[in-house]
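Trainee: Residue numbers (the working numbering): 351 to 501.
These are computed hints drawn from the structure, not numbers from a lab.
It should be emphasised that the depicted structure is a prediction, and the values quoted were computed from it without experimental measurement.
Wrong hints could be hidden among the right ones.
[Claimed, not checked] Distance windows between CB atoms, simulated:
1) 489 <-> 424: 51 to 57 Å
2) 452 <-> 486: 27 to 33 Å
3) 367 <-> 466: 38 to 44 Å
4) 453 <-> 487: 30 to 36 Å
5) 486 <-> 461: 17 to 23 Å
Backbone N, C-alpha and C fix where the C-beta goes; we use that ideal spot for every residue, glycine too.
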Amino acid sequence: MFTIEAIMSTDLITVTPSATLAEARALMHDNRIHHIPVIDDDKLVGLVTLTNVLAATDSFLRDQKNRIHANEILIEDAMVSDVATVDINASLRQAALFLEKHAIGCLPVMDDEKLVGIITDTDFVAVAINLLEQIEETEPDVDDYEDVDVA
351 MFTIEAIMST DLITVTPSAT LAEARALMHD NRIHHIPVID DDKLVGLVTL TNVLAATDSF
411 LRDQKNRIHA NEILIEDAMV SDVATVDINA SLRQAALFLE KHAIGCLPVM DDEKLVGIIT
471 DTDFVAVAIN LLEQIEETEP DVDDYEDVDV A
């Protein structure tokens with residue numbers, strides 16, 4: 351049986367509230383991620399997502415001297431501070447249903463008050479692929495039915 355602990359990412363990339371959106375965007379690009387927990391004094395205080403970064407930064411189409419740059423915006427001004435989290439011992443099904451119901455892309459995983467991982471919609475796609483592969487391996491081939499006489 352799959353568990354949250356088995357599929358969550360534990361090699362976390364984090365930022366502090368005083369980091370800039372430019373720093374977050376670079377981390378997201380370099381690490382191919384869309385969600386970064388915001389940590390202050392070893393405590394989860396927020397979450398910054400690619401959507402936050404894109405929404406808070408100005409269009410490159412705007413005139414250069416009037417444009418708001420990502421290096422001028424602090425994470426604390428753009429992050430989600432009311433972060434939904436999941437306990438490490440919660441059921442994987444419950445976590446998946448929560449993501450779907452609230453149309454969010456990730457849940458930071460907590461063990462008591464400590465951030466220990468993050469589980470994303472991409473992790474659930476990987477589980478679905480694994481399960482589909484297991485089902486395909488146990489299904490009989492269509493050729494197996496050709497030799498059967500049905501009266």
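Trainee: Work down the list of hints and note, for each, if the structure agrees.
Mentor: Quick rundown of the hints versus the structure:
Separated by about 53 Å at the C-beta atoms, residue 489 and residue 424 satisfy the suggested range of 51 to 57 Å. For residue 452 and residue 486, the hinted distance range of 27 to 33 Å is satisfied, since their beta carbons lie about 31 Å from each other. For residue 367 paired with residue 466, a C-beta distance near 20 Å fails the hint of 38 to 44 Å. At about 33 Å, the beta-carbon gap between residue 453 and residue 487 stays in the expected band of 30 to 36 Å.
In this structure, residue 486 and residue 461 break the distance hint of 17 to 23 Å, their C-beta atoms being roughly 35 Å apart.
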